[in-house]
Amino acid sequence: MTFEQLLQYIFSGLTSGSIYALTALGFTLIYNATGLINFAQGELVMLGGLSAVGLYQAGLPLPVAFLGSLTIVLIVTVLFQQLAIRPLLSRGVLAQVIATVGASLALRTAAMMIFGREALPLPAFSGDTPIRIFGASLNPQTLWVVGSTLLIVLALQLFYRRTLTGKAVRACAVNPLAARLMGVSYSNVVLLSFAVSGAISAAAGVMITPISFMTYSSGALLGLKGFAAAALGGLGNPVGAVVGGVALGILEGLGVGLVSSGYKDAIAFVILLLVLFLRPQGIFGGKAVEQE
Amino acid sequence: MHKILVAAVAACLVVVVLFSGCGGTTTGSSEASAGTDATTAPAGTAAADSQGGQLTGDPIVIGAVVSTTGPNAPLGEPERMALELFEKQINAAGGVLGRPLDVVVLDDQSNAKEAVTATQRLLQQEKAVAVIGASGSASTLAMKAITAQAGIPQIAMAASNNITSEPPSDWIWRVAPKDDLAVERAVSHVAEGLRVTKIAVLYDENAFGSSGLAQIEKVKDRYGIEVVAKESYKTDETDLTAQLTKLKGSNPEALIVWGTNPGPAVAAKNLKQLAWDIPYVGSHGIANAKFIELAGEAAEGVTFPTTKILFPESITDPEQKALIEKLITDYTAEFGQAPNHFSSHGWDGIAVLVAAIEQAKSTEPAALQAALNGLTDFTGADGIFTYTATDHDGLKVDDLIMVRVEGGKWALAQ
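Protein chains in written order, with our numbering: chain W, 89 to 380; chain V, -18 to 395.
What the hints contain is simulated information worked out from the structure, not anything from laboratory work. Some clues are possibly wrong.
Stated by the list, open to error - A partial selection of chain W residues facing chain V, derived with a Cβ cut-off under 8 Å: (1) Gln93; (2) Tyr97; (3) Ser100; (4) Ser104; (5) Ile107; (6) Arg205; (7) Gly215; (8) Pro218; (9) Ile296; (10) Ser300; (11) Thr303; (12) Leu309; (13) Gly341; (14) Val344; (15) Gly345.
Note that CB positions come from ideal geometry on N, CA and C, so glycine has one too.
Just need the whole structure built from these sequences, with the hints factored in.
Below you can see the structure in the form of structure tokens.
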């Protein structure tokens, strides 16, 4: 394998990996507040992408469509939390997880009815001219995804560590009962986490549609890879989600290059299982979050 | 907290199994994406009952199951319109065996279960002597189980290979070109059009893509083609540059991409990103406006197989040329839009049956079966059909043409 090829596999991995990382961030937020795995996360990303396409095709400028899509998904997520999750808060996590599985099917079907079964495109934010680095090429849209991922992680870290609300959210994750005794409104924290998670997922959807298009069924694979990335990095840790996502993407890229595309997913998931076996809390997970 | 994680991972595994199960069945064949936007939404059942007027005697009833609603409506509507046009013209010209022809068209709503109900109604209540259908491969296979058991001829219009390749196939004949035929046309284009021998194959892991690869491997020696590299992808995969980089390492002279949207469009964009200038030969699954919409400029120069009706000037057989030109004129006058290859499937479906009835001078199933198996050099809109007792597909590689995307439009390749 030449150096050019190796670099190209890593760039390919970076493109997929940054997409996984953005999806993983959504998982992290909700898990942090509720200990819940939201299986509708991939569908929120899909809905974000398709809503933006719908608004853009209706004639709105791209930035407006972007914000509109954020608003739509935020409203959908808040409604879902209020109507389906809130009544189940006292029923334990499993009931809520099942509600999210139901929501994922409902969102997928609704998207199929509204947007049809065909893939839909969105123009790239800053053109299609690839960036050449040492003979390998990088899609400029990837830089948008990577850049916004870093920005979101930074903002989240500041929020969790420097603000009172952020600390309240982390307190709820560690011990909801104790947090409530300290005067934290648990239901408000949960609502806030869902809302921010929805907005981040929508942003992810809008930014990846120019790279890979979007169909009503795209959410399934995105959600799966996003969850794997979050688990790899350590559930509940935003930095872990990003590292996990990029690591998963690059593993897949190298898997194609060194072995074969047929085994790409198998390689990535075997490594995921190994990591979880040796370090069940993930690379950055567990104690670090609870200590602070 | 640990229990929660265990429960979550368990649930995740269940979801993985569910999704991987779904992927195989829902994207199995090409027709789901062969059509473009579902802009037509007509009333549920379109029964065409125009009577010839001066004709006497009991009508000959032929049933048809097409999808005029649901996701396959872009396929079913042109099929229905062609059936109506044929019925009207033949009754005006004296009917079949001196009897009026009655084509009863039912809608399956793009749903295999509805296709079963519709077929049973056609056979039991309408007493159809033969049936045509359906628009999609899943519905066609569901109908096949019924017609094979009842011993009633069925004409299929969908592309999936197993419609005719898997038993029971004694009572089913096909008018549309099947998936394998399109594969062979693409391979022959590489050998005879591009005149190169080393190809790389990028294929979707679903049934459509993997059966495409299998067929490439099967016919490659006949055309002196060598497959120097092959890689696969999942239908919804986000980025294919890793696969393309790997394929590029084997220095192929042409790239065949076998899949349906959006994968081939992602591949086209990624090729451009990698600045890899190689002839791109696609499947008939991208023979639609959607591919150009998705891939944009990256679609330029991509070639793929399709039927001749879109380029009547490509037809060398004078009889077929006259037939298609008349079909285009009459169809456009009747419906205000040009016919496409689904219209030609509908037209050929009924034309083949009427030819068999006239040759057999009977509507008895056994006589029709013998007449269909003996049909030789019959000129249809899709091509020249020759059925035998073992070949129920009728068409040949020459019945397909290669189209190239030029300036955001289709142009005849070569």
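Structure-based check of all given hints:
For Gln93/W, the interface hint holds, the least distance from its beta-carbon to any beta-carbon of chain V being 6 Å, beneath 8 Å. At its closest, the beta carbon of Tyr97/W sits 5 Å from a beta carbon of chain V; the interface hint therefore holds under the 8 Å criterion. Interface hint at Ser100/W: satisfied, since its Cβ lies 4 Å from the closest Cβ of chain V, which is below the 8 Å cut-off. At a threshold of 8 Å, the smallest CB-CB gap from Ser104/W to chain V is about 5 Å, leaving the interface hint in force.
Contact between Ile107/W and chain V, as hinted, is supported at the beta carbon level, the nearest pair being about 5 Å apart and thus within 8 Å. The criterion of a C-beta within 8 Å of any C-beta in chain V is met by Arg205/W, whose closest approach is roughly 5 Å, and the hint holds. Of the supplied interface hints, the one on Gly215/W is violated, with its beta-carbon coming no nearer than about 11 Å to a beta-carbon of chain V, more than 8 Å. For Pro218/W, the interface hint holds, since its Cβ comes within 8 Å of a Cβ in chain V; the closest pair sits about 4 Å apart.
For Ile296/W, the interface hint holds, the least distance from its beta-carbon to any beta-carbon of chain V being 7 Å, beneath 8 Å. For Ser300/W, the interface hint holds, since its Cβ comes within 8 Å of a Cβ in chain V; the closest pair sits about 4 Å apart. Among the interface hints, the one on Thr303/W holds; its C-beta lies about 7 Å from the nearest C-beta in chain V, closer than the 8 Å criterion. Residue-level restraint check for Leu309/W holds (minimum Cβ-Cβ distance to chain V is 5 Å; threshold 8 Å).
Hint status for Gly341/W: holds, given a least beta-carbon distance of 5 Å to chain V, under 8 Å. For the restraint placing Val344/W at the interface with chain V, the shortest Cβ-Cβ distance is roughly 4 Å, inside the 8 Å limit, so the hint holds. With 8 Å as the threshold, the beta carbon of Gly345/W comes within range of chain V, its nearest partner Cβ sitting at about 6 Å, so the hint holds.
Checked against the numbered hints given earlier, this structure breaks only hint 7.
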